[in-house]
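This is what each chain is made of:
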Amino acid sequence: SQTIHQWPATLVQPVGSPLSLECTVEGTSNPNLYWYRQAAGRGLQLLFYSVGIGQISSEVPQNLSASRPQDRQFILSSKKLLLSDSGFYLCAWSVGTYAYNEQFFGPGTRLTVL
Amino acid sequence: AQSVTQLGSHVSVSEGALVLLRCNYSSSVPPYLFWYVQYPNQGLQLLLKYTSAATLVKGINGFEAEFKKSETSFHLTKPSAHMSDAAEYFCAVSELGTWDMRFGAGTRLTVKP
Numbered sequence: 001s002q003t004i005h006q007w008p009a010t011l012v013q014p015v016g017s018p019l020s021l022e023c024t025v026e027g028t029s030n031p032n033l034y035w036y037r038q039a040a041g042r043g044l045q046l047l048f049y050s051v052g053i054g055q056i057s058s059e060v061p062q063n064l065s066a067s068r069p070q071d072r073q074f075i076l077s078s079k080k081l082l083l084s085d086s087g088f089y090l091c092a093w094s095v096g097t098y099a100y101n102e103q104f105f106g107p108g109t110r111l112t113v114l
Numbered sequence: 001a002q003s004v005t006q007l008g009s010h011v012s013v014s015e016g017a018l019v020l021l022r023c024n025y026s027s028s029v030p031p032y033l034f035w036y037v038q039y040p041n042q043g044l045q046l047l048l049k050y051t052s053a054a055t056l057v058k059g060i061n062g063f064e065a066e067f068k069k070s071e072t073s074f075h076l077t078k079p080s081a082h083m084s085d086a087a088e089y090f091c092a093v094s095e096l097g098t099w100d101m102r103f104g105a106g107t108r109l110t111v112k113p
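Protein chains in written order, with my numbering: chain H, 1 to 114; chain U, 1 to 113.
Just so you know, these hints were derived from the structure itself, not from any lab.
There could be a bad hint or two in this list.
[Stated by the list, open to error] Residues from chain U that keep clear of chain H, each with C-beta distances beyond 10 Å, as calculated:
(1) Arg22
(2) Ser28
(3) Asn41
(4) Lys69
(5) Arg102
(6) Phe103
(7) Gly106
(8) Val111
(9) Lys112
[What the hints assert, rightly or not] Derived contacts from chain U toward chain H, CB cut-off under 8 Å, selection only:
(10) Pro40
(11) Leu46
(12) Leu48
(13) Glu64
(14) Phe90
(15) Gly104
(16) Thr107
All values derive from a computational prediction rather than experimental measurement.
Beta carbons are placed, not taken as given, at the ideal position from N, Cα and C, and that holds for glycine.
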């Protein structure tokens, strides 16, 4: 069966510090991978998606970046965090073509920037 | 671009009462529609999805939703609420040919004993 892992589960970081969040998927090959951010009281905002190794598409311009160094590994990074980067970050995966296939979500990382 | 609107950020029902969570979508092509549930500090779990087959879709935990093209709606219902249904519910839409799944702002369901 497929599983998705995210770590860390929670993170408190000072403004201006770097960020690295990791997501890995097990039990499937060549998944589509997604990073979402969920701010308090708001829906999910798609940040990045990837359909293959080294292929990253950005949906929202900001100080975050994503990388996919391996087929089932997706990393979200920042060189300098802003207060507005606080939120709940969710990684998701799907298979098949385009977004109409079900997306499976990880447990999330709660990031607080102070 | 496709979008969804969830009417009511908070819904409160009594245990055993009908649950109705509203979702309206906007799409230029036939949409694919989803309902997800999120429990506190957890990821999202798929409840059900509509992909152009039957208009009445049954999901897990006794939930169902009906696709109504004329009303551009995909409301989520459950005949009898249970305390364990308390959570946040998200409606989402995607379109064939895109990589986007657009989520609504969510509806927090509270179930009173």
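Evaluation of the provided hints:
1. Arg22: With a cut-off of 10 Å, U:Arg22 remains clear of chain H, as the shortest Cβ separation is near 15 Å.
2. Ser28: Consistent with the label, U:Ser28 stays out of reach of chain H, its closest Cβ about 15 Å off (over 10 Å).
3. Asn41: Incorrect as stated: the minimum Cβ-Cβ distance to chain H is 7 Å, not above 10 Å.
4. Lys69: holds (17 Å)
5. Arg102: violated (8 Å)
6. Phe103: U:Phe103 is in fact no farther than 10 Å from some Cβ atom of chain H, at 4 Å.
7. Gly106: Check fails; 6 Å does not lie beyond 10 Å.
8. Val111: Holds, since 20 Å exceeds 10 Å.
9. Lys112: Holds: least Cβ distance 21 Å, greater than 10 Å.
10. Pro40: Violated: closest Cβ of chain H sits about 10 Å from U:Pro40, beyond 8 Å.
11. Leu46: holds (5 Å)
12. Leu48: U:Leu48 check fails; min Cβ-Cβ to chain H is 10 Å, beyond 8 Å.
13. Glu64: violated (17 Å)
14. Phe90: Holds. Min distance 6 Å.
15. Gly104: Since the shortest Cβ distance to chain H is 5 Å, the answer is holds.
16. Thr107: violated (10 Å)
In the structure shown, a violation is registered for the earlier hints numbered 3, 5, 6, 7, 10, 12, 13 and 16, in ascending order.
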